[in-house]
Amino acid sequence: MEHKKRVASSERTHEVNRMSVEDMLSSIGEGIIIIDDKLHITTVNTAASRILGKNASLCLGERIDACFSLVDDPSVPGERAIHALEPFFQNAFSADAPRHTSFTESIPRAFVTRDGGEPVPVALSIATLHDAEGRVTGGIIAMRDITAEIENEKIKTEFVSIASHQLSAPLGAIRWNIEMLLNQDIGPITMEQRSALTDILESNNRMIRLVSDLLNVSRLESGRIRLSPEQTHIKKLIEDVVNEYKHYIMSRGCVVSVKMDPHNPDPVINIDPILIRQVINNLIVNAVQYASTASSRIEIAVQKNDVDYQVSVWDNGIGIPEDEQKKIFTKFFRADNAQSKEAIGTGLGLYITKMIVELSGGKMWFVSKQKEGTTFFFTIPITGSAQHHGEVSLT
Amino acid sequence: MTSTEEKKPTVFIIEDDPFVLRIYQRKLGNSGINVQLATNGVEGFERMKEAPPNLILMDLVMPQKDGFELIEDIKRTPSLQHIPIIVLSNLSQEKDIDRVKGMGVEEYFVKAHTSIHAVVDRVNQLLGISESHT
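Same order as they appear, the protein sequences are chains D and Y.
End of the first sequence sits at 396 in this note's numbering; the numbers just go up one at a time, nothing left out.
End of the second sequence sits at 158 in this note's numbering; the numbers just go up one at a time, nothing left out.
Certain hints may be false.
[As the list claims (entries may be wrong)] Chain D side only, calculated, beta carbon under 7 Å to chain Y, not exhaustive:
(1) Phe89
(2) Asn92
(3) Ala170
(4) Leu172
(5) Gly173
(6) Ala174
(7) Glu180
(8) Ile209
(9) Thr396
[What the hints assert, rightly or not] Straight-line alpha carbon distances no greater than 27 Å define the calculated DSS-like cross-link-like pairs of lysine-lysine that follow:
(10) D/Lys155 <-> Y/Lys89
(11) D/Lys327 <-> D/Lys370
(12) Y/Lys125 <-> D/Lys237
(13) Y/Lys119 <-> D/Lys157
(14) Y/Lys119 <-> D/Lys155
(15) Y/Lys125 <-> Y/Lys89
(16) Y/Lys119 <-> D/Lys237
(17) D/Lys327 <-> D/Lys372
These are calculated hints, taken from the structure and not from any lab test.
Just so you know, even glycine gets a beta-carbon here, dropped at the ideal spot from N, CA and C.
Chain Y extracted, bound-state conformation:
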């Protein structure tokens, strides 16, 4: 592993829509971030426990373990509970948003109502990367 690889921040993405996954991969991967992907909460949780990332970006409606359960698991796990979480979901109901925010996530975006640039800006901000890649 080179020293630049070591310095690259890691974002772990848990998302079951392959189209959206590809967008995250392309947009974040191109901006100097090490991107890890999982398509369901069970796999995502196991892999994050092995190698905790710097930031978690996740969907809510997913097979096997949904986002609500995954956040609970993360917040119960000492090695993961301090990692900032961005939730990106199509659920746009206040009650879902309030519930998730109450679980201690940093940001909630309704996918279709948010530009990809806003997502990348927030990722960079939470990772402490000042330069904007948009």
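Chain D on its own, in the form it takes in the complex:
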């Protein structure tokens, strides 16, 4: 009797707990799907059935792939459904999966495709469920509808793009008018007027670079940049940039040399030549800009290591004060001792440079000592950069 009562009470408690778990599941905003170790669906909450576009009762007992179709990009036909979920469960549910080990995975963006409906963008996280002995008994998939986030991201990107485009038009017209004035197309000008117009032209060109760099930052930050690697002679790429800036380098009294690894004098690396050119371009212009006044030297070296190529740009310029070195890759940062220099940069160059290097699979860092100079380093894996599909390029 005593025993029976205890059992009944325990069942009731269990029932109450079960009720509250189901209530909880149905009232939370995230979609939750629970499956057993045979991949059969045991629970679908209200939010999940809304995302799947299916009544929850239709899914219960079904295998997960019969009721739930997930793709990376709905515009690519024939893409495999469930993608990352499948290997995940195969690993987690295999007989030799270690006990007491939680398997988790998150997918920041995928699309749930639905029969006769628009695909729903979701962010997912998946985790295994375990019994008291630590055996995997099933899995829980939590998903969040990210339609609004994607829409906001799109609005932000479009805004930056339209704003930049609208800013470029008048800046371009100003540039051409000043160029015509300087060329005396509209009438003779005095030396003083020429000096003022030259300053206006330089400021205007700086603004043009700033708009272009801001747009590039927005593209890099949104991860929409396309990276198309191709076999590239890095030596020639460096020499082309040096050649392009020949006059600027000479005007600042700098001497630039390129030093290749004697064991590897002309390496061919699988990189996006346009993006890496931008990196080398920024580093050389930076080195020239912060050169000390007399006998400035800049040396660009390429060295092959075990797992990567390392490119360094050394200068004997003004160097970066120690207490400011941490901020050097920050947007719009300019070191104290660089403030007095003619500021031709936008304050975005090194930030953009580091982002490109990281997108290319490499690392970027520097060593610097004030009044002695700075060396910037970046690496590219020996295997090259991985292709990155994106709809935009840098400008």
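Use these hints to put chain Y onto chain D, whose structure you have.
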């Protein structure tokens, strides 16, 4: 019409920004070129069909008929399809530039990134005028 007028090469400019239009007019008009102007693609196309120019200089983002459509129309029109085209636009994306170049234009300049002298030099080069006016 005098004989010198006849010899003057004609450049047809289609551009909707009046400030930029005035610059082209001043810079090219001063260098012995007969400059024709239109502020949209529809008007530009109709007038070019009546009197084909020696060179077309055009924007891409324009009202009524944008530059992409205009280039398609030009390339479909026998009397216009061989005329060299220079596109000057603020669109600086590789995909736009590749698309336009693939349509058979001679040159693509991103306005703010190009000096007006470079534009005039290219115009002169395509017109076969050796003398530089910059």
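Hint compliance check: list the failing hint numbers for this structure, sorted ascending. 1, 2
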